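Participant: Just so you know, we're using my numbering here: the sequence shown kicks off at 1 and counts up by one.
I should point out that these hints are in silico values taken from the structure, not numbers from a laboratory. These numbers come from a predicted model, not from an experiment. Glycine included, every Cβ here is placed at the ideal spot set by N, Cα and C. Be aware that a few hints might be false.
[As the list claims (entries may be wrong)] Label-pair distances were calculated between CB atoms; the ranges are:
#1 Ser12 <-> Gly67: 16 to 24 angstroms
#2 Gly73 <-> Ala128: 22 to 30 angstroms
#3 Leu130 <-> Arg83: 34 to 42 angstroms
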Amino acid sequence: MADPVPAGPWKSAFADVNGLRMHYVEQGVGPLVLLLHGFPELWYSWRHQLPALAQAGYRAVAPDLRGYGRTGGSGSLADYSIRNLVADIQGLLDALGEKQSVLVGHDFGAVLAWNAALLAPERVRAVAALSNRLPSQAP
Numbered sequence: 001m002a003d004p005v006p007a008g009p010w011k012s013a014f015a016d017v018n019g020l021r022m023h024y025v026e027q028g029v030g031p032l033v034l035l036l037h038g039f040p041e042l043w044y045s046w047r048h049q050l051p052a053l054a055q056a057g058y059r060a061v062a063p064d065l066r067g068y069g070r071t072g073g074s075g076s077l078a079d080y081s082i083r084n085l086v087a088d089i090q091g092l093l094d095a096l097g098e099k100q101s102v103l104v105g106h107d108f109g110a111v112l113a114w115n116a117a118l119l120a121p122e123r124v125r126a127v128a129a130l131s132n133r134l135p136s137q138a139p
């Protein structure tokens with residue numbers, strides 16, 4: 001079977017994260033920028049930003065979040081809580097061997113980026129939120 005990830009300058013890989021097989025695409029070397037897609041999107045939403053960030057000296061990583069694309073999911077709604085989704089982000093950082101990341105989120109990915117910064121500020125270098133408001137309540 002052909003690889004469903006379109007050919008490009010990026011590398012497609014998987015990491016074991018919180019009991020999931022998480023798919024991600026990465027390109028570049030340098031400080032980590034984690035690109036979090038929105039609903040109903042995939043890593044592919046970031047296909048134009050990956051090469052640009054890599055060229056600018058960053059390690060750009062775009063995962064398929066829990067239940068999207070080639071990343072596993074479950075039928076239980078409780079598994080998709082904000083805390084679990086943030087734990088997935090932290091687990092991916094661990095799997096990548098990184099302590100911190102700049103988080104760039106679009107749509108629901110922005111919600112996750114803000115909550116990751118609130119729940120684990122030591123793991124987040126900066127947040128860029130696209131298409132969403134700053135949350136007014138704790139997670």
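Participant: For each hint, tell me whether it holds in the structure or not.
Facilitator: Consistency of the hints with the structure:
no., hint, verdict
1, Ser12 <-> Gly67: 16 to 24 angstroms, "18 angstroms, holds"
2, Gly73 <-> Ala128: 22 to 30 angstroms, "26 angstroms, holds"
3, Leu130 <-> Arg83: 34 to 42 angstroms, "23 angstroms, violated"
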